[in-house]
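Visitor: The listed protein sequences correspond, in order, to chains C and A. Everything in the first sequence is counted per my numbering, starting at 1 for the first residue and increasing by one. Everything in the second sequence is counted per my numbering, starting at 1 for the first residue and increasing by one.
These are computed hints drawn from the structure, not numbers from a lab. Virtual Cβ for every residue (Gly too), placed ideally from N, Cα, C.
Chain A stretches covered by chain C per the calculated footprint, using a threshold of three residues with CB under 8 angstroms from any CB of chain C:
1) 38 to 49
2) 52 to 61
3) 183 to 189
4) 193 to 199
5) 203 to 216
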Amino acid sequence: MKDLRRYWELFLFFVKVGLMKQMAYRPHFFLMITGKVIRIALLFFFFQAIFLKVSRIGEWTWEQVLLLFATFHVVDYMMSITFGRNLSSHLPSRVQSGEMDYRMILPANLLFFASLEDVDMMDFFSFLPTLGFLGWVLWRLDMAIAPLQVILYILLIANSLVFLYAVILAIATTSFWTTQSYGLAVIFDNLMKIGRYPLDIFEGFWKVIFIYFVPLVLIAQVPAQALLGALSPGFLFFAFGVSGTALALALMFWRRGVKNYMSASS
Amino acid sequence: MGSAAKCLAVLKLVLIERLVYRLNFFLQVLSGVLTSLIIIFLWMAVYRGNSVSSLGGYTMPEMITYLLGGGLINTFILTTAENNETSQTIADGTLSGLLVQPFSPYWVWFFRDMGTKLFLFLLGLAGYGVVFLFFRDFLIFPGSPDRWLLFAIAVALGVLLQFLLFESLSLLAFWVENTYGIRFTMRVILEVTGGAIIPLSFFPSILQAFFFALPFPYLIYLPMTIYLGKTPADEVAGALVRMGFWIAGLAVINAVLWRRGVRRYVAMGD
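Pulled out of the complex, with its shape left as it was, chain C reads as follows (with noise of 0.2 angstroms):
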């Protein structure tokens, strides 16, 4: 209880450090999150051009792909404010310049520091509109939502964050190796915003793919579904193993990832 007191403190300090580094530059602070708006609002307007023509993709109506799309952001959001360039971009580069060596002698978790130490604050101002644009989504799905949709809703969307943060830390956890991580996170940031569309819109091969083996699946469709009453209990089970076990193996991995590690300072 007292080390998690500690920590919440420490990362309340994140938060802070992260607020006063981020606003040095105000009018660089306030113009990325209007882009960050503007981009959220342009891929709303993409989707309304489509539905302009047609009335649904795959078995998704307007309403539901728009839950879909806001649900997806809401992870997206959650996974940059906190682990998100962390670990993709700072751990690598840190690895690499050999900055890990102090952050491993302090009194703290190593892993704590390398998934939380720069919180971004940006993203966070950024993320507040989303969440509203969540909320007028939900207002407009005008159907009855039982408490256990919600609930079943926000555990989803928290087994997608795990399963991201899995994922992430263990693309993250190559560069004690490899100095190319930073290419693969590019890759899989770009793979995973498949999942701000409707899986249906894979067929077959692909379809099986991004269910089964990425399962792109769990970041925003799973938990979308969930709040629409379509999820089977088969897959909310296959949902809170996968990850289970992808979180489980990442953090193997991260051991045996810091059992490498080379200092490369001076």
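For this one, chain C is given, so just place chain A on it according to the hints.
Guide: Here is chain A on its own, set in the frame of chain C:
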């Protein structure tokens, strides 16, 4: 060393530099290819799921050709759409070293940008080549050499326009400490309004009017509609002239920013 030799030397150097990190660049290009594939699958689902042969004036083969061609152009337009080097060189003071060299830093940045674009174009060709083969039954090719030529001119002008657009923002580094925010915002707008993920004719007319008041549709939408014959032959010349006006206007802005910027440039050093 003559000017042409200097330009070639800069081009050669940037290609060598990029080759050092070729895997990372290739993975970046590959992720662009992946994004194009996702968008194509999405459109295929839209066509097939709604049993329509044409949407917004585009048949499915036309749409696939548009997205793949646009994706390839995007590889070297969007990936370099930051002109990071210019603002970083100004901000960290390394411009001082460049200013005393017998070649304007502005042209160094220009040819380095062109070299990077050429490198990414070649990588993009390799990456998209496989996808082109996969979708070969859907691909449409222009019927006449004229159309190929006009398409090539539009792409070349687009490359120039993109450089000038982002360079004008990067040169603001002479006045402001950080230009990344404004460049990021412009890049975000370019992502959609350039027409890489959807032909702009799909948008409501009010949005189309807004988009066409910007220079972005000239980067991907115009070349691809010329390629597909969607821009009527008698309108192509007018569109290319408008593009020329944007280029000329931005070139003037670049020249003014560069001259005034260098005059007020101060570098701290040890």
